[in-house]
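Residue numbers (the UniProt record's numbering): 1 to 129.
Hints are computed from structural coordinates only; laboratory data are not their basis.
Because the structure is a prediction, the values reported are computed rather than measured.
Check each hint, because a few of them may be wrong.
[To be verified] Below, computed lysine to aspartate or glutamate pairings styled on EDC-like, alpha-carbon distance capped at 20 Å:
#, residue 1, residue 2
1, 91, 13
2, 76, 113
3, 42, 61
4, 78, 7
5, 64, 18
6, 76, 7
7, 78, 61
8, 117, 18
9, 3, 18
10, 2, 18
11, 44, 61
12, 44, 13
13, 78, 18
14, 23, 84
15, 76, 13
16, 76, 6
17, 52, 83
18, 44, 18
19, 52, 13
20, 44, 83
21, 78, 6
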Amino acid sequence: MKKWADENRRPQEFTIGDLVIVKLLPEQLRFLRNHEKRLVRKYKGPLSVVAKIGPAAYRIEPLKWMTVYPVFHVSKLKAYHVDESNVSCNKTSRPPVTRAPPVNQGIEKILAEQVVKSTKRPPQKRVPY
């Protein structure tokens, strides 16, 4: 079984100071949880490798807005390659990610009041068989 599982694996090793990009899930980005998951960038970076923790774990130097633990498994890291022939390809055209709080819009007028009772489970009906 291991023989067939290893066919699709690729050995990855990074040295201290290498540039990598990190794969983050939308759940790991607290301020992006309410956004559409398809529109969130899959990889963040480039980030530099600070230390090798184990055979398959690396500590990275996170960006200021990142609130995740800075140790990642090798499967979540990719090597970052700079395109030296075309420098404009290295810059992103998308706006940067911000942690701005949601805009607080004032309430002008309350039109109606309604009390909604909610329960976790709807009441069960007993049906005789």
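Problem - Hints that the structure is at odds with (numbers, increasing) - result: Result: hints 1, 2, 8, 9, 10, 14, 17 break, sorted rising.
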